[in-house]
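Student: These protein sequence lines map, in sequence, to chains A and B. Heads up: take any position in the first sequence, counting from 1, add 16, and you land on my numbering. Heads up: take any position in the second sequence, counting from 1, add 348, and you land on my numbering.
Derived from the structure by calculation, the hints contain no laboratory data. Remember, it's a predicted structure, so these values are computed and weren't measured experimentally. Backbone N, C-alpha and C define an ideal beta-carbon position, used for all residues, glycine too. Hints should not be assumed to be uniformly reliable.
[Said to hold, decoys possible] Label-pair restraints from in silico Cβ distances:
(1) ARG467/B <-> ALA124/A: 35 to 41 Å
(2) ASN512/B <-> ASP47/A: 49 to 55 Å
(3) THR449/B <-> ASP47/A: 25 to 31 Å
(4) LEU99/A <-> VAL718/B: 42 to 48 Å
(5) ARG92/A <-> LEU561/B: 41 to 47 Å
(6) THR224/A <-> ARG467/B: 34 to 40 Å
(7) SER740/B <-> VAL181/A: 54 to 60 Å
(8) PRO668/B <-> VAL181/A: 50 to 56 Å
(9) ASP66/A <-> THR752/B: 40 to 46 Å
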Amino acid sequence: MEPLLCWPDPPPAELVRALDMAGFASTAVGDEATAAAGTWSGAVIDATEDAEGAFAFARALRRVELGVAPVLVLVRGSQLADLAGRHDAFDDFCVSPFHPVELEARLAHLLARDPLAANDTETVVYEDLVLNLETYQATIAGRPLDLTYMEYELLRFLAQNPGRVFTRETLLSRVWGYEYYGGARTVDVHIRRLRAKLGEEHAALISTVRSVGYRLGETRWG
Amino acid sequence: MEQQQSYVLRTVEERRVRLVRLWFTDVLGQLKSVAISPVELETAFEEGVQFDGSAIDGFSRVQEADVLAFPDASSFQLMPGGEGGEMSARVFCDLQNLDGTPFEGDPRQVLKRNLARAREAGFTLMCAPEVEFFYLASDDASQALQPLDSASYFDLTTYDASSNIRRATIQRLEATGIPVEYSFHEDAPSQHEIDLRYSDALSMADNIMTLRLVVREVALQHGVHATFMPKPIAGVQGSGMHTHLSLFREEENAFYDPAGDANLSAVARSFVAGVLRHAGEITAVTNQLVNSYKRLVAGFEAPVHVAWARNNRSALVRIPVTKRGKEAVGTRIEYRSLDPACNPYLAFSALLAAGLAGIEGGYELGPEAVANLVDGAPPGPPPAGLELLPGSLAEALDRMEASTLVRETLGEHIFEWFLRNKRSEWSDYKAHVSQFELDRYLRSW
Numbered sequence: 017m018e019p020l021l022c023w024p025d026p027p028p029a030e031l032v033r034a035l036d037m038a039g040f041a042s043t044a045v046g047d048e049a050t051a052a053a054g055t056w057s058g059a060v061i062d063a064t065e066d067a068e069g070a071f072a073f074a075r076a077l078r079r080v081e082l083g084v085a086p087v088l089v090l091v092r093g094s095q096l097a098d099l100a101g102r103h104d105a106f107d108d109f110c111v112s113p114f115h116p117v118e119l120e121a122r123l124a125h126l127l128a129r130d131p132l133a134a135n136d137t138e139t140v141v142y143e144d145l146v147l148n149l150e151t152y153q154a155t156i157a158g159r160p161l162d163l164t165y166m167e168y169e170l171l172r173f174l175a176q177n178p179g180r181v182f183t184r185e186t187l188l189s190r191v192w193g194y195e196y197y198g199g200a201r202t203v204d205v206h207i208r209r210l211r212a213k214l215g216e217e218h219a220a221l222i223s224t225v226r227s228v229g230y231r232l233g234e235t236r237w238g
Numbered sequence: 349m350e351q352q353q354s355y356v357l358r359t360v361e362e363r364r365v366r367l368v369r370l371w372f373t374d375v376l377g378q379l380k381s382v383a384i385s386p387v388e389l390e391t392a393f394e395e396g397v398q399f400d401g402s403a404i405d406g407f408s409r410v411q412e413a414d415v416l417a418f419p420d421a422s423s424f425q426l427m428p429g430g431e432g433g434e435m436s437a438r439v440f441c442d443l444q445n446l447d448g449t450p451f452e453g454d455p456r457q458v459l460k461r462n463l464a465r466a467r468e469a470g471f472t473l474m475c476a477p478e479v480e481f482f483y484l485a486s487d488d489a490s491q492a493l494q495p496l497d498s499a500s501y502f503d504l505t506t507y508d509a510s511s512n513i514r515r516a517t518i519q520r521l522e523a524t525g526i527p528v529e530y531s532f533h534e535d536a537p538s539q540h541e542i543d544l545r546y547s548d549a550l551s552m553a554d555n556i557m558t559l560r561l562v563v564r565e566v567a568l569q570h571g572v573h574a575t576f577m578p579k580p581i582a583g584v585q586g587s588g589m590h591t592h593l594s595l596f597r598e599e600e601n602a603f604y605d606p607a608g609d610a611n612l613s614a615v616a617r618s619f620v621a622g623v624l625r626h627a628g629e630i631t632a633v634t635n636q637l638v639n640s641y642k643r644l645v646a647g648f649e650a651p652v653h654v655a656w657a658r659n660n661r662s663a664l665v666r667i668p669v670t671k672r673g674k675e676a677v678g679t680r681i682e683y684r685s686l687d688p689a690c691n692p693y694l695a696f697s698a699l700l701a702a703g704l705a706g707i708e709g710g711y712e713l714g715p716e717a718v719a720n721l722v723d724g725a726p727p728g729p730p731p732a733g734l735e736l737l738p739g740s741l742a743e744a745l746d747r748m749e750a751s752t753l754v755r756e757t758l759g760e761h762i763f764e765w766f767l768r769n770k771r772s773e774w775s776d777y778k779a780h781v782s783q784f785e786l787d788r789y790l791r792s793w
């Protein structure tokens with residue numbers, strides 16, 4: 017079996033020890049280039065220190081050219097709320113400090129799962145909107161949308177969390193990443209471009225929630 | 349590989365793009381394009397596309413002729429509606445010298461450099477232009493120059509026909525990610541206006557380049573000619589590109605202060621003071637044609653005086669009234685001398701630099717102009733204390749040449765080349781004997 021990828025480099029000592037004890041081979045990886053150079057049976061990402069960096073890296077592993085799965089993240093109990101809206105980035109999580117037996121059981125379960133079952137996230141469908149995560153293509157009522165990369169990423173994020181309202185700040189940090197400079201108006205500008213491309217008929221798919229932010233589709237609360 | 353690039357490569361493959369157009373802009377603001385086949389795109393991202401720049405206005409001198417065009421993946425856009433339904437795509441490029449340094453003749457990099465300077469001070473520039481243009485029956489200059497022909501042309505082309513063309517144009521713009529705020533028929537016969545929804549300055553300059561192409565292409569498909577020439581028809585309004593500007597600090601509008609006069613913050617007041625103080629110096633950049641100065645005359649709703657006002661459309665800088673409840677985002681200033689024949693990268697750079705000079709130097713904003721400066725402006729010297737905008741390209745070039753601000757903003761290479769090119773345009777113009785002179789002097793003298 018290929019080794020497990022561990023992030024960051026170096027990973028916490030207790031993680032390396034636990035994996036070792038459980039009989040999983042693991043390699044510390046700090047960046048995408050190193051990840052791309054190897055083949056992996058899965059990944060364990062430690063989000064307890066640098067959560068932003070961890071989720072950005074976990075998301076990067078999801079990309080077509082890396083395609084590392086499954087991904088387990090380690091979070092502190094106080095970070096559980098941060099998992100909301102980030103479900104696309106990982107397959108399972110474990111609260112840290114973790115019990116080595118629990119970590120082992122979770123990893124064993126993840127790795128034993130039918131790999132085909134993990135592929136059910138390849139398309140995101142909301143009403144007439146279809147996003148193919150593998151080919152990066154989006155269609156509305158069968159019509160292809162000619163999106164730029166950031167427009168695609170924004171639409172994907174919203175469509176993966178339909179009915180949820182996101183503030184501009186949340187969208188900025190989740191879609192653009194923390195290193196992006198430009199201010200939350202960037203979000204408004206891109207939302208307006210997405211609506212333009214969706215066309216008049218479908219522009220209302222993304223609604224503005226006054227003094228909060230944006231939402232795709234209907235609210236879950238009716 | 350960077351993820352944006354892999355997105356682009358995948359999209360090109362999935363959508364069967366036949367041709368990828370690498371776009372860049374010459375110093376005068378003309379769009380240039382090198383088409384490559386999709387299989388070349390990956391190499392272009394990594395190594396750039398080498399071409400001989402000496403053939404392009406304002407680019408390299410002969411001894412340093414070759415430059416590299418690197419596609420900016422974030423600007424990749426499919427361009428539907430081409431000939432035969434074939435899918436093509438465009439991507440804006442940044443130009444580099446062979447040694448990897450930014451190419452100093454590239455206007456897009458001039459804007460990037462100025463935006464980076466603003467970013468150091470914590471600011472992002474947002475722009476929203478109102479682009480005016482004319483539809484004409486043909487691009488035959490002898491017809492366009494005669495107002496009588498334009499009147500009869502208006503008879504031939506009904507209002508509905510030209511608004512159909514405009515509607516088709518707006519659909520194309522929106523489909524390529526350029527949101528349109530309003531569009532309408534302008535004052536002059538066959539004159540139209542498209543107002544773009546605000547965006548950051550670099551995307552907006554890219555959008556203006558795209559808009560000028562799309563407007564012309566759609567017009568051509570309908571058998572008419574669209575022109576962004578600032579004053580194609582004497583005796584009626586010319587085409588301007590009033591541009592709304594604001595600076596954002598993170599998500600806060602740095603121009604907004606609920607306690608300030610007209611909701612303007614101290615930053616906004618200094619910015620306005622900056623653009624007013626340097627207006628004369630940057631006018632050659634914002635109004636770069638001999639013809640631009642035929643628009644900047646009294647009586648046609650174009651600014652002539654260097655002044656600001658709250659709701660007076662004849663001032664150079666206007667502070668538009670913001671919709672109630674939208675003040676925090678919408679507070680902005682409107683600069684009104686720009687015309688649609690400018691190079692948007694250089695024009696936005698110049699405006700930003702002038703405004704920042706005001707902020708950094710703590711310029712004080714003078715009193716608001718109250719009189720209607722255009723309609724009531726008598727010929728002769730301006731009211732006391734009011735400066736006039738340069739009256740001709742020659743005068744604007746003199747002001748520009750003496751300006752350290754413009755020299756630093758554009759960089760030595762573009763500054764020198766621009767002056768040389770425009771001086772030569774002026775001397776050609778000076779040597780020309782116009783119809784006006786023939787009509788006026790031939791018989792009487």
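Student: Next step is simple, just say for each hint if it's right about the structure.
Tutor: Going down the list of hints, with the structure as the test:
no.	hint	in the structure
1	ARG467/B <-> ALA124/A: 35 to 41 Å	violated (49 Å)
2	ASN512/B <-> ASP47/A: 49 to 55 Å	holds (54 Å)
3	THR449/B <-> ASP47/A: 25 to 31 Å	holds (27 Å)
4	LEU99/A <-> VAL718/B: 42 to 48 Å	violated (59 Å)
5	ARG92/A <-> LEU561/B: 41 to 47 Å	violated (53 Å)
6	THR224/A <-> ARG467/B: 34 to 40 Å	violated (27 Å)
7	SER740/B <-> VAL181/A: 54 to 60 Å	holds (56 Å)
8	PRO668/B <-> VAL181/A: 50 to 56 Å	violated (31 Å)
9	ASP66/A <-> THR752/B: 40 to 46 Å	holds (45 Å)
Comparing the model with each numbered hint stated earlier shows that hints 1, 4, 5, 6 and 8 do not hold.
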